[in-house]
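Trainee: Read off the chains here:
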Amino acid sequence: DAGITQSPRHKVTETGTPVTLRCHQTENHRYMYWYRQDPGHGLRLIHYSYGVKDTDKGEVSDGYSVSRSKTEDFLLTLESATSSQTSVYFCAISELATRLAANEQFFGPGTRLTVL
Amino acid sequence: DQQVKQNSPSLSVQEGRISILNCDYTNSMFDYFLWYKKYPAEGPTFLISISSIKDKNEDGRFTVFLNKSAKHLSLHIVPSQPGDSAVYFCAARMYSGGGADGLTFGKGTHLIIQP
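As you go down the protein sequences, you meet chains L and X in turn.
Every letter in the first sequence is one number past the one before it in this note's numbering, and letter 92, counting from 1, is 92.
Every letter in the second sequence is one number past the one before it in this note's numbering, and letter 106, counting from 1, is 106.
What the hints contain is simulated information worked out from the structure, not anything from laboratory work.
Please note: incorrect hints may appear among the correct ones.
Some, not all, of what chain L presents toward chain X, calculated at C-beta under 8 Å [unchecked claim]:
no. : residue
1   : 33
2   : 45
3   : 58
4   : 60
5   : 64
6   : 65
7   : 69
8   : 104
For every residue, glycine included, the Cβ atom is placed at its ideal position computed from N, Cα and C.
When you get a sec, could you build the whole thing from the sequences and use the hints?
Mentor: Next comes the structure, spelled out in structure tokens:
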């Protein structure tokens, strides 16, 4: 198993509070991703990172920010949580993808977030 | 607008028989397709992938077929085993040139293998 941990694994919070989810990897992979999984939607990309301090937006980035100050850590922050952000959040890592090969992404175990 | 569609939310197959999971896509810019398997309370795990320049890729019991003209792919599992019971996600990537592949996922198909 790829060395990816997510913390916390479960969190219940209230609307309007800030929340930070952490993804930590021991694989030294350059690329990291945050997805959310919701019933009826599959997984959707929130933000991704292609190196320390280099991040970009995904399909559903509104209401989320990310930071990557070290190769091994990728943080996802909900500045002011809303009930629509109740979801399961997955972090993923990968090696370099090229035109000739889509490198598989390795996923963490997920964080279940409930916003009341 | 769903660019990757898995129209069967669930599929029940008898142990030992073939399981066929289907996936359709709309964006002709997708150049790689991947299948992931997910157990409850775990992250997805990679199964098999196929480039858009190929029509078949095989790995043990798993084979993925791609019909580019129909924008359709399928995952075949032969023979189906109880441990194959899981949710299967079809995913597609559009090469962006930056080295990172943000994937577009379907909604998933829950495969149930019956004894």
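Trainee: Could you run down the list of hints and mark each one as holding or not?
Mentor: Now the hints, each set against the structure:
no. : hint : verdict
1   : 33   : holds (6 Å)
2   : 45   : holds (4 Å)
3   : 58   : holds (5 Å)
4   : 60   : violated (11 Å)
5   : 64   : violated (14 Å)
6   : 65   : violated (17 Å)
7   : 69   : violated (18 Å)
8   : 104  : holds (4 Å)
In summary, the numbered hints that this structure violates are 4, 5, 6, 7.
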